[in-house]
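Chain residues, written in single-letter form:
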Amino acid sequence: MPSKAQRLRHGLITAWTLAVVVFIYLPTLCITLASLTSSRYFQFPITKFGLDWWRKTFSSIEIRQLLSTSITIALCVTVVAVVIAFFGALAFARYDWRGRSIYQKLILLPIFFPQSVLGLALLLWFNALGLQMSWQTAVFAHLVWIVPVVTLVISIQVYSFDPALEEAAFDLGATRWQVMREVTLPVLFPGLFSGALFAFLLSWGNFPLSLYTTGADTTVPEYLYAKMVAGYTPGVPVLGTISTIGAAVLLIGGYALMLAMRRARRTVSE
Amino acid sequence: MRRPARLSPGSKAAVPVLLFLLVGFVAPLIAVIWFSFMPPRSFSLAAAPSLENYTTIFNSTSYISFLWSLVLAAATVVLLAVICFPISYGLVRVFGKWATLLTLLFTIPLFVSENIRLYGWVLFLIKNGVLLGSLDTYFGIELESILFTRTAILLGMVYVYLPFMLFPLTLGISMVPNETRDAAYDLGATRWQVFREVELPLSMPGVVIGFLLTFVLAVGAITEAKVLGGQRIIPVAQDIEIAFTYAQNWPLGAALSVLLMLVVGTLVLLALWRFDLDRFLGRK
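If you read the sequences in order, they're chains E and W. Take 1 as the starting number for the first sequence in the numbering used here and just add one per residue. Take 1 as the starting number for the second sequence in the numbering used here and just add one per residue.
Each hint should be verified, as a subset may be incorrect.
[Claimed, not checked] Below, computed lysine-lysine pairings styled on DSS-like, alpha-carbon distance capped at 25 Å:
no., chain 1, residue 1, chain 2, residue 2
1, E, K227, E, K48
2, W, K12, E, K105
3, E, K4, E, K227
4, W, K97, E, K4
5, E, K227, W, K127
6, W, K97, E, K48
[To be verified] Far from chain E by the CB rule (all over 10 Å, computed), these chain W residues:
no., residue
7, A47
8, Q193
9, M204
Hints listed in this document are in silico derivations from the structure and should not be mistaken for laboratory results. All values reported here derive from a predicted model rather than from experimental measurement. Beta carbons are placed, not taken as given, at the ideal position from N, Cα and C, and that holds for glycine.
With the sequences and hints as input, model every part of the structure.
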């Protein structure tokens, strides 16, 4: 029995939310528009539409190098982060142990920390160790921030995990390894999957940590930053659009894949 | 439900993360603190410690950057609380099956580097850009651009940190049981009373996390001021960066970082220390 006042309130909330969604996507829209012009300078309304800059960007060897550096870093971060965070999440949410409550808070500290300062701190530290900055040090730097995030993402799945499942498998004579492979990992798979997705995308889009720790290697966000500070080139909107579309496709695709798998598993169990 | 700590498999599972954070988080912070006591402009950790960098900071105008960063972060938090509360409420109570799609829409920008998105705002706000260009061509209205002003910086910060307020707040509001609200209404509470006496206190964990996360990240903000602010304000994070890059004075940058870490660390520890994360994330 929604009253008139309630319906009005819900209407206002919906309108506000949609307005904020528009606000969120407004810059992305501007970047996409800017990438579609064929003139050298950005002027709105666009007079000459064209894909010239897209062609130029795709044929540039420098851009390919950037994309491959960014993807390599993101893939390495994903693999290592998911492995460490999987155990981290078990400690966070699955087991009851002394020191767990302090552990949970320690894990959060790198997230609640200004990233530019973290990047500089890591630069100092690597330097004190005598390491040369390269994409490998950037992988490490990304991990400091991404491992805690992924631990939290997986933990949310672990909370809904019933430890009785593991115990039942043990009672049926399964070894520790079998339990892990046949029970724990499959049940927690959705959490691991979202964790991996988060790790990849957060590394892909990271700027403040890369800025100080990549050395001579350059990632896509760093390149874009250098270009936009130096002055306007239409290559910036093109690469920005690619980066946005890439993230959206991965996220929506990953989400759809997960729904499909859940449905498949439900049909199997029926 | 959980097994008692016999061999404590929990602490064993915690070892990799803890070791990693020891090397990747604690050690770098110690390196920064150490460096902040080195003589100015040195690049090694071996010199005799001194307090020179700190005296330099306290005798300089660095406090202006500090104040600006704190003020901007506080303003961002307040604005975002007002902007996000109705949306979070809607995601939990109004939108139903559309909530997932909307959450996804709010998540996507998180994964695009913030400097790209801020650049979109430059294109929107700049003279002859999307906003002013359209106004001029279609309506014949000519306005001054707000780009490179303090307002633009604040807009950028509100924009970038929105998800960090929205998601914790949503989680917090979803912790308010429907029965409690209904009971309050049945007992004759008004909408405002339900909000103040039931919804706000019960969603407090989410509110605290959202405020804290937004504030901490916003205090360290740097790109907003650079891309949208046109050097109108130099936030403290930029002061730090300048010390490390152009000025080549690492110890001074380290000392500034230590001061920023003190502000952030105190806030985080105070707010998080007595926090029940199990209840917040697991919702049992």
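For each hint, the structure was consulted:
Straight-line distance between C-alpha atoms of E:K227 and E:K48 comes to about 23 Å, which keeps the hinted pair within the 25 Å bound. Straight-line distance between C-alpha atoms of W:K12 and E:K105 comes to about 17 Å, which keeps the hinted pair within the 25 Å bound. For the suggested pair E:K4 and E:K227, the alpha carbons sit about 54 Å apart, so the restraint of at most 25 Å is broken. Under the criterion of a C-alpha separation no larger than 25 Å, the hint pairing W:K97 with E:K4 is consistent with the structure, at around 22 Å.
With a CA separation close to 20 Å, the supplied pair E:K227 and W:K127 stays within the 25 Å bound. The suggested pairing of W:K97 with E:K48 is violated, with an alpha-carbon distance near 42 Å, which exceeds 25 Å. Here W:A47 stays apart from chain E, with its beta-carbon at least about 13 Å from theirs, past the 10 Å limit. At roughly 15 Å, the least C-beta separation between W:Q193 and chain E is larger than 10 Å, which holds for a residue marked as non-interface.
With a closest Cβ-Cβ approach of about 17 Å to chain E, W:M204 is found to remain outside the 10 Å limit, as its non-interface label requires.
Violated hints, in rising order: 3, 6; the structure is consistent with all others.
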